[in-house]
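Fit chain B to the supplied structure of chain A, relying on the hints for placement.
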Amino acid sequence: MEATVTTANNNEKTWGGGDDIQPLGASYGKMMMWFFIVSDALTFSGFLAAYGFSRFKFIETWPLADEVFTHFPFLHGVAAPMYYVALMTFILIFSSVTMVLAVDAGHHLKKTKVAIYMFLTIIGGLIFVGSQAWEWKNFIKGEYGAVETVGGSLLQFVDKDGKRVALEEFAVKLPEQREALTRAKAKWFMEDAETQPTYTVAEVQAGFKVHPELLIRTEQIIETNGKKSKKVLSRAESESRLSSAKYVVEGANLTRNEYGSKLFADFFFFITGFHGFHVFSGVIINIIIFFNVLLGTYEKRRSYEMVEKVGLYWHFVDLVWVFVFTVFYLV
Amino acid sequence: MSHEHVSNTKRIWFVFALLSVVTTVEVILGIYKPAVLEGNHFVGLNLLNWIFYILTVFKAYYIVWAFMHMEGEKSSLRWSVVSPVIFLVLYLLFILLTEGHYIYGVFKDSTIKWNF
Numbered sequence: 000m001e002a003t004v005t006t007a008n009n010n011e012k013t014w015g016g017g018d019d020i021q022p023l024g025a026s027y028g029k030m031m032m033w034f035f036i037v038s039d040a041l042t043f044s045g046f047l048a049a050y051g052f053s054r055f056k057f058i059e060t061w062p063l064a065d066e067v068f069t070h071f072p073f074l075h076g077v078a079a080p081m082y083y084v085a086l087m088t089f090i091l092i093f094s095s096v097t098m099v100l101a102v103d104a105g106h107h108l109k110k111t112k113v114a115i116y117m118f119l120t121i122i123g124g125l126i127f128v129g130s131q132a133w134e135w136k137n138f139i140k141g142e143y144g145a146v147e148t149v150g151g152s153l154l155q156f157v158d159k160d161g162k163r164v165a166l167e168e169f170a171v172k173l174p175e176q177r178e179a180l181t182r183a184k185a186k187w188f189m190e191d192a193e194t195q196p197t198y199t200v201a202e203v204q205a206g207f208k209v210h211p212e213l214l215i216r217t218e219q220i221i222e223t224n225g226k227k228s229k230k231v232l233s234r235a236e237s238e239s240r241l242s243s244a245k246y247v248v249e250g251a252n253l254t255r256n257e258y259g260s261k262l263f264a265d266f267f268f269f270i271t272g273f274h275g276f277h278v279f280s281g282v283i284i285n286i287i288i289f290f291n292v293l294l295g296t297y298e299k300r301r302s303y304e305m306v307e308k309v310g311l312y313w314h315f316v317d318l319v320w321v322f323v324f325t326v327f328y329l330v
Numbered sequence: 000m001s002h003e004h005v006s007n008t009k010r011i012w013f014v015f016a017l018l019s020v021v022t023t024v025e026v027i028l029g030i031y032k033p034a035v036l037e038g039n040h041f042v043g044l045n046l047l048n049w050i051f052y053i054l055t056v057f058k059a060y061y062i063v064w065a066f067m068h069m070e071g072e073k074s075s076l077r078w079s080v081v082s083p084v085i086f087l088v089l090y091l092l093f094i095l096l097t098e099g100h101y102i103y104g105v106f107k108d109s110t111i112k113w114n115f
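Chains A and B supply the protein sequences, listed in that same order. Using numbering that gives the first Met the number 0, the first residue of the first sequence is number 0, and each one after it goes up by one. Using numbering that gives the first Met the number 0, the first residue of the second sequence is number 0, and each one after it goes up by one.
Since the hints were made in silico from the structure, they are not lab data. Be careful, since some hints might not be right.
To be verified - Straight-line alpha carbon distances no greater than 25 Å define the calculated BS3-like cross-link-like pairs of lysine-lysine that follow:
#1 B:LYS73 x A:LYS29
#2 A:LYS162 x B:LYS32
#3 A:LYS308 x B:LYS9
#4 A:LYS230 x A:LYS208
#5 A:LYS227 x B:LYS107
#6 A:LYS110 x A:LYS29
#7 A:LYS159 x A:LYS230
Unchecked claim - If you want the ones that stay clear, here's a sample from chain B, every Cβ over 10 Å from chain A, calculated:
#8 VAL26
#9 PHE41
#10 ASP108
#11 SER109
Said to hold, decoys possible - Negatives, chain A to chain B, calculated, CB over 12 Å:
#12 HIS106
#13 GLY141
#14 GLU168
#15 THR197
#16 LYS226
#17 SER280
#18 LEU294
Even glycine gets a Cβ: it sits at the ideal position worked out from N, Cα and C.
Isolated chain A, as found in the complex:
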């Protein structure tokens, strides 16, 4: 009974030692939520710093974010960098606002208002998680495809104007050389079980040969008049680079991705995934508290401090997103 407020009409302070003696002027639960947030903030900082470390290692070849995240719902084939993630950011900020309004209503013991605002917060959180799933879907599916060389470099295809060209636009279909192992033909281990790309390396190379207008774009970042872009090779260089191709890469997974550095996709999945997991847990916790509000638990307690505590967590999730947004999409 010392540590938590559980019973109705309980005037006890959460710490022992009588009225008005509270370390740091905060109740036990609230202070612990703050220090949990400190540790979680350091965890996220560790991830983001590790991302920075890897990016600094490959500073000249890192993918350019506005070439990777270009999708927007119902706009097919239109390159819309930033808009979607900006929308997600607004959704999350807005759900933070409804959360803080719920806390504010809680201070005035207005049960209905707290419930309505909590509900809106939950809806906002769900929309955000859903948006993230959609973003992941596009990222995993990919758009153009690329090839990886023996040395691990990634080669993308462009036309004369530097516009990206998808594999399916030029690759030729050769007589089948590889066969995907299905379960019916499997041994106890499957050597070639990895999902096969639509085209083989030979098919891409053959298609490249019959399309003289195509060029290869490397991962190398060049800066002209303050604008960053990726280096495009001449036709002769392109042909020689393509002869060292080893894999066809379509979309992204944890091993390789069509956007560039392998670590880019790894960090994207890990950090946005970890953040999405936080949002998901936040939604679950919010739902629990929402039902407690409806049941009148805090009304009986004459204190809506629990709403304030989950509010702290929810704002923290928003806070982390502000940094993830900057680091992954802007810089």
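Here is chain B on its own, set in the frame of chain A:
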């Protein structure tokens, strides 16, 4: 409750407007990427990225101070939460980014090619 709570609704909407405006500015800069800003560097970072980081910290300040209501807490709590994070993060960033830059140099000046 130890302190009186006045309604902060006005301030909440003000902060929301502020955060929205800042985010909009970031998105516009992120789409257009003005060459003047991206081409000029200050202490190893281009001006555009400086602006992004400053605006991010600005937003973080308002989220913590207004939404998480840090401004209403005692200064002892404020310091014991904020200072460890700031100092440890700066330290971590310093170490990791320096090392990352060093490894970049190793790859650049040698024939090693190791994409990991």
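Structure-based check of each hint:
| no. | hint | result |
| --- | --- | --- |
| 1 | B:LYS73 x A:LYS29 | 13 Å, holds |
| 2 | A:LYS162 x B:LYS32 | 19 Å, holds |
| 3 | A:LYS308 x B:LYS9 | 22 Å, holds |
| 4 | A:LYS230 x A:LYS208 | 20 Å, holds |
| 5 | A:LYS227 x B:LYS107 | 20 Å, holds |
| 6 | A:LYS110 x A:LYS29 | 21 Å, holds |
| 7 | A:LYS159 x A:LYS230 | 13 Å, holds |
| 8 | VAL26 | 4 Å, violated |
| 9 | PHE41 | 14 Å, holds |
| 10 | ASP108 | 13 Å, holds |
| 11 | SER109 | 14 Å, holds |
| 12 | HIS106 | 4 Å, violated |
| 13 | GLY141 | 19 Å, holds |
| 14 | GLU168 | 27 Å, holds |
| 15 | THR197 | 24 Å, holds |
| 16 | LYS226 | 6 Å, violated |
| 17 | SER280 | 18 Å, holds |
| 18 | LEU294 | 21 Å, holds |
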